[in-house]
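J.: Those sequence lines, one after another, are chains F, Z and W. Under the working numbering, the first residue of the first sequence carries the number 85, and numbering increases by one thereafter. Under the working numbering, the first residue of the second sequence carries the number 85, and numbering increases by one thereafter. Under the working numbering, the first residue of the third sequence carries the number 85, and numbering increases by one thereafter.
Please keep in mind that the hints were generated in silico from the structure rather than gathered at the bench. It is possible that part of the hints are untrue.
What the hints assert, rightly or not - Computed cross-link-like contacts, DSBU-like style, restricted to lysine-lysine with a CA-CA straight-line distance of at most 35 angstroms:
(1) W/181 <-> Z/181
(2) F/134 <-> Z/181
(3) Z/181 <-> F/181
Claimed, not checked - Chain Z regions said to be covered by chain W (calculated; three or more residues, Cβ under 8 angstroms):
(4) 115-124
(5) 131-145
(6) 162-171
(7) 174-185
Where a beta carbon is used, it is the ideal one built from N, C-alpha and C, also for glycine.
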Amino acid sequence: MSIERSHTNERASKIVKHNGVVYLSGQVGDGESLSAQAIDCLGRVDTLLKEAGSSRQHILQATVWLSDMTYFAEFNTIWNDWVPSGHAPARACGEAKLAREILKVEVIVIAACV
Amino acid sequence: MSIERSHTNERASKIVKHNGVVYLSGQVGDGESLSAQAIDCLGRVDTLLKEAGSSRQHILQATVWLSDMTYFAEFNTIWNDWVPSGHAPARACGEAKLAREILKVEVIVIAACV
Amino acid sequence: MSIERSHTNERASKIVKHNGVVYLSGQVGDGESLSAQAIDCLGRVDTLLKEAGSSRQHILQATVWLSDMTYFAEFNTIWNDWVPSGHAPARACGEAKLAREILKVEVIVIAACV
Numbered sequence: 085m086s087i088e089r090s091h092t093n094e095r096a097s098k099i100v101k102h103n104g105v106v107y108l109s110g111q112v113g114d115g116e117s118l119s120a121q122a123i124d125c126l127g128r129v130d131t132l133l134k135e136a137g138s139s140r141q142h143i144l145q146a147t148v149w150l151s152d153m154t155y156f157a158e159f160n161t162i163w164n165d166w167v168p169s170g171h172a173p174a175r176a177c178g179e180a181k182l183a184r185e186i187l188k189v190e191v192i193v194i195a196a197c198v
Numbered sequence: 085m086s087i088e089r090s091h092t093n094e095r096a097s098k099i100v101k102h103n104g105v106v107y108l109s110g111q112v113g114d115g116e117s118l119s120a121q122a123i124d125c126l127g128r129v130d131t132l133l134k135e136a137g138s139s140r141q142h143i144l145q146a147t148v149w150l151s152d153m154t155y156f157a158e159f160n161t162i163w164n165d166w167v168p169s170g171h172a173p174a175r176a177c178g179e180a181k182l183a184r185e186i187l188k189v190e191v192i193v194i195a196a197c198v
Numbered sequence: 085m086s087i088e089r090s091h092t093n094e095r096a097s098k099i100v101k102h103n104g105v106v107y108l109s110g111q112v113g114d115g116e117s118l119s120a121q122a123i124d125c126l127g128r129v130d131t132l133l134k135e136a137g138s139s140r141q142h143i144l145q146a147t148v149w150l151s152d153m154t155y156f157a158e159f160n161t162i163w164n165d166w167v168p169s170g171h172a173p174a175r176a177c178g179e180a181k182l183a184r185e186i187l188k189v190e191v192i193v194i195a196a197c198v
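Based on the sequences and whatever the hints tell you, model everything.
T.: This is the structure in structure tokens:
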């Protein structure tokens, strides 16, 4: 069972595939507001999953970190719109400060791939 | 390798099965005290794992979020009683505020299933 | 698909293997400084992965918890040196208080194994 990595630098690979499962590095988004960042972040997840031979319909587990839990309702509105009906992943959401002070949301995804 | 989801709403599936592995959404519990919530939370994990064709003997990885690390010893007492002898999972435990202010513990599980 | 556990006590197994994947319990390190703890922590990851028939070249996903995000740059210097060129895992890093107040970093690893 080989390991395929892409978008690899000295710190991380954005995509790692192994045995029909793809692991993405935690994705964040550009923008000032939580909504702007969430939309950009989930767009990056889409792009990476597509490149990995997967999609938002194939997510197994999503872990969401918010820099402040007061964003919870606002994030869920965007998240629920994004999740394909009938294909929601297992999810957990907790509060954690992120790599840069401006960052409000990070999404960590494990998905099935071909 | 198909994906089986159950207890699926617009946000999450409580159970996602793929390739012999089951991913549960982060589980929390009712109650006021940490102990009450932990016992209820682990009971929900039991119920979901059973439904998925797994059990607490088959947990591969457990991630525990406590809203305050001062609960660490109290949680471990309940956790250690719950874990079947010889079948403890890989575990990590850190502090994170949770979705609602009242919540003191959330447990995220990846397990093997038939 | 059997489950193999080792270094198992009443709370956790340091190593859990299933279906070609190894899950390690969150690893921390001894020392006062972030650098000392990070080096010790990653050494423990090396030792456990080797014992599991894996290595730092086979890490699929790494989740890093820092007790204070001001350690981010210092941790990355040590991390980048440790990661084998071309084999970086999917990674996420967030802030979380850890089990003991002195602890500054915890690393949670999922890796491929033979």
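J.: Quick one: see if chain W covers the region 174-185 of chain Z, three-plus residues with Cβ-Cβ under 8 angstroms.
T.: holds (count 7)
J.: Does residue 181 of chain Z lie within 35 angstroms of residue 181 of chain W when you go C-alpha to C-alpha?
T.: Satisfied, since the Cα-Cα distance of roughly 11 angstroms is no more than 35 angstroms.
J.: Hey, residue 134 of chain F versus residue 181 of chain Z, does the alpha-carbon distance stay inside 35 angstroms?
T.: Cα-Cα ~32 angstroms, so holds.
J.: Given as covered by chain W, does the region 162-171 of chain Z meet the bar of three residues or more with CB within less than 8 angstroms?
T.: holds (count 6)
J.: Between the region 131-145 of chain Z and chain W, see if three or more residues pass the 8 angstroms beta-carbon test, and mark the coverage as holds or violated.
T.: This one holds; 3 residues, not fewer than the three required, reach chain W with a Cβ under 8 angstroms.
J.: Please count how many residues of the region 115-124 of chain Z have a CB within 8 angstroms of a CB from chain W and say whether that reaches 3.
T.: Answer violated; 0 residues pass the 8 angstroms Cβ test.
J.: Mind checking the alpha carbons of residue 181 of chain Z and residue 181 of chain F for me, to see if they're no more than 35 angstroms apart?
T.: Holds, because 11 angstroms separates the two Cα atoms, which is no more than 35 angstroms.
Comparing the model with each earlier hint shows a violation of hint 4 alone; every other hint is respected.
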